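Chemist: Below, each chain spelled out in residue letters.
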Amino acid sequence: NAGVTQTPKFQVLKTGQSMTLQCAQDMNHNSMYWYRQDPGMGLRLIYYSASEGTTDKGEVPNGYNVSRLNKREFSLRLESAAPSQTSVYFCASRRGADGNTIYFGEGSWLTVV
Amino acid sequence: QKEVEQNSGPLSVPEGAIASLNCTYSDRGSQSFFWYRQYSGKSPELIMSIYSNGDKEDGRFTAQLNKASQYVSLLIRDSQPSDSATYLCAVNTDSGNTPLVFGKGTRLSVIA
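Those protein sequence lines, which keep their order, are chains V and X.
The C-terminal residue of the first sequence carries number 127 in the numbering used here, and the numbering is unbroken.
The C-terminal residue of the second sequence carries number 113 in the numbering used here, and the numbering is unbroken.
Just so you know, these hints were derived from the structure itself, not from any lab.
DEER-style ranges, computed between Cβ atoms:
1. X:Lys57 <-> V:Asn79: 32 to 42 Å
2. X:Leu47 <-> V:Leu83: 24 to 34 Å
3. V:Met41 <-> X:Glu4: 26 to 36 Å
4. V:Thr68 <-> X:Ala113: 43 to 53 Å
Here are some of the chain X residues that sit facing chain V, going by a computed Cβ distance under 10 Å:
5. Val5
6. Gln39
7. Lys43
8. Leu47
9. Ala91
10. Gly106
Since we're looking at a predicted model, the values are computed, not measured.
Quick reminder that beta carbons are idealized off the backbone N, C-alpha and C, glycines included.
Chain V on its own, in the form it takes in the complex (with noise of 0.2 Å):
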């Protein structure tokens, strides 16, 4: 069971060049989130999926796009990166809103240099 899986694990960017972090979940699990973590600030979530046909804005969606492929994939996209981008990225699905636990992939490493 592989639970969250991400992709790529580490990655270095050009400014201004383009790329997108890849999550899949296979837990069946209805809600899905982005989520970056930088020192001293915890986990700020970017976009998150309800459900699969709908995104929401997180508290940092500035600079990211997102798409809920299907119930399983949920894709963030840096159109063009920047420097303050520089993060750890996770992935997170759970089944549903009714309060159970969310499941974290093991991260993606940007950096923007």
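We have chain V already, so just place chain X on it with the hints.
Modeler: Here is chain X on its own, set in the frame of chain V:
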């Protein structure tokens, strides 16, 4: 803005002692509360959840919830060096589709 507050630490305790981690939240309507542990370079993992006032025990871990005071805590008994990590408090603010709100975490260091 719904907020979850934690002392950033570091909280240092000797091996074998009780570590006490605290969290306050701003939304009085919050319904579900979670503690996650995150080792350096790793993703957060759930260690405790609590939904009603009082204490909930699981092995060396005890979660305590006081909704009137908007306060949730995590006690770690017989602390071990392997417990050294950052502990994140997370709150589900309603029963809808609102995502969990995370605190910034408290770094715990258990000294052998």
